[in-house]
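S.K.: In order, the protein sequences belong to chains H and R.
First residue of the first sequence: 19, per this note's numbering; consecutive thereafter.
First residue of the second sequence: 241, per this note's numbering; consecutive thereafter.
Hints were generated in silico from the structure; no laboratory data involved.
Given the structure is predicted, the values throughout are model-derived calculations rather than measurements.
Keep in mind that a hint or two might mislead.
Heads up, simulated DSSO-like pairs for lysine-lysine below, C-alpha to C-alpha not over 27 Å straight-line [claimed, not checked]:
hint, chain 1, residue 1, chain 2, residue 2
1, R, 291, R, 337
2, H, 83, R, 337
3, R, 276, H, 25
4, R, 276, R, 291
5, H, 25, H, 83
6, H, 25, R, 337
7, R, 310, R, 276
8, R, 310, R, 291
9, R, 337, R, 276
One-letter residues, chain by chain:
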Amino acid sequence: SAVISQKPSRDICQRGTSLTIQCQVDSQVTMMFWYRQQPGQSLTLIATANQGSEATYESGFVIDKFPISRPNLTFSTLTVSNMSPEDSSIYLCSVNTDRGRGYTFGSGTRLTVV
Amino acid sequence: GQQLNQSPQSMFIQEGEDVSMNCTSSSIFNTWLWYKQDPGEGPVLLIALYKAGELTSNGRLTAQFGITRKDSFLNISASIPSDVGIYFCAGRSVTDKLIFGTGTRLQVFP
Numbered sequence: 019s020a021v022i023s024q025k026p027s028r029d030i031c032q033r034g035t036s037l038t039i040q041c042q043v044d045s046q047v048t049m050m051f052w053y054r055q056q057p058g059q060s061l062t063l064i065a066t067a068n069q070g071s072e073a074t075y076e077s078g079f080v081i082d083k084f085p086i087s088r089p090n091l092t093f094s095t096l097t098v099s100n101m102s103p104e105d106s107s108i109y110l111c112s113v114n115t116d117r118g119r120g121y122t123f124g125s126g127t128r129l130t131v132v
Numbered sequence: 241g242q243q244l245n246q247s248p249q250s251m252f253i254q255e256g257e258d259v260s261m262n263c264t265s266s267s268i269f270n271t272w273l274w275y276k277q278d279p280g281e282g283p284v285l286l287i288a289l290y291k292a293g294e295l296t297s298n299g300r301l302t303a304q305f306g307i308t309r310k311d312s313f314l315n316i317s318a319s320i321p322s323d324v325g326i327y328f329c330a331g332r333s334v335t336d337k338l339i340f341g342t343g344t345r346l347q348v349f350p
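Please build the complete structure, drawing on both the sequences and the hints.
M.R.: So this is what it looks like as C-alpha cells:
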C-alpha cells in the first residue's frame, strides 16, 4: 500500500490565521481525500481532490474556508483559513490505492487554535 | 456528514476475552472496511470486505460483510493489551468515498 507523509504533525495557531497542511504520497494516485476528526469524534470527509480539477467539497465544507491544491499525482495541500477554536481537530489525508480496494491514511495533523 | 451507526460505543474487557462490535447503515455499500486508530496516529486498515456474505480473518480478527450489504461485524478473539484503541468501520460508497462509523473505544485490562 502507499506511504503517506503528512506535515506538520501538530501545530498551535492563533485565531484568525491560516495553516497549510501538506500530504505527500510515495506513488501516483488519482484521488486524494481530506478528513477532519474533531476531538473524540469519528472522521468526516471534507473534500475529494483530483489532479487537474477543482476539489469536490462535502456538505458543510466550503472552498473559502478549506482551499485545496492538487498540483500533481503525488501531492496535495489543505489550508484551514481564518481559524477559530472550533477548527481545533485532527486533519488527515487519505489515498485510494490497490486499484480502489484499499484506503491508506496519513498520520494526521493535530491542530489547536487558541 | 453521514455516519454509520456503530456499537457498542465503548468496551472495557479483561485480557483474554473475545470482543464483538458491529456497524449498520441505511445505505448499501460495495465495500466494508475496519480500521484501528491509536492515539496520535491515523487509522490503520485491519480488514477489507468486498462481497456480501464474505467472512474474512486476519489473525485473531474476523469480520463479515452482511448479506443485505447494510451491515458488518468485527470480532477479536483472545484480546491482548495491544488491542486497546478505537475501532472504526467504514463503508465505501459508489462515488469511492469512505463513510465512517462512530467508533468503538476498546480498553483491555490485564
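S.K.: Next step is simple, just say for each hint if it's right about the structure.
M.R.: Do the hints match the structure? See the list:
1. A C-alpha spacing of about 17 Å is found between residue 291 of chain R and residue 337 of chain R, which places the hinted pair at or below 27 Å, so the restraint holds.
2. Between residue 83 of chain H and residue 337 of chain R, the direct Cα distance comes to roughly 21 Å. Compliance with the 27 Å bound is thereby established for this hinted pair.
3. Restraint check for residue 276 of chain R and residue 25 of chain H: the C-alpha separation of about 21 Å stays at or below 27 Å, so the hint holds.
4. Among the hinted pairs, residue 276 of chain R with residue 291 of chain R is consistent with the structure: their alpha-carbon atoms are about 21 Å apart, no more than 27 Å.
5. Restraint check for residue 25 of chain H and residue 83 of chain H: satisfied, since their Cα atoms lie roughly 19 Å apart, inside the 27 Å limit.
6. About 23 Å separates the Cα atoms of residue 25 of chain H and residue 337 of chain R, which keeps this hinted pair within 27 Å; it holds.
7. For the proposed pair residue 310 of chain R and residue 276 of chain R, the alpha carbon gap of about 21 Å is at most 27 Å, so the pair holds.
8. Proposed proximity of residue 310 of chain R and residue 291 of chain R is supported: the alpha carbons are some 12 Å apart, at most 27 Å.
9. In summary, the hint linking residue 337 of chain R to residue 276 of chain R is supported, as the alpha carbons are separated by about 18 Å, within the 27 Å threshold.
The structure shown violates none of the earlier numbered hints.
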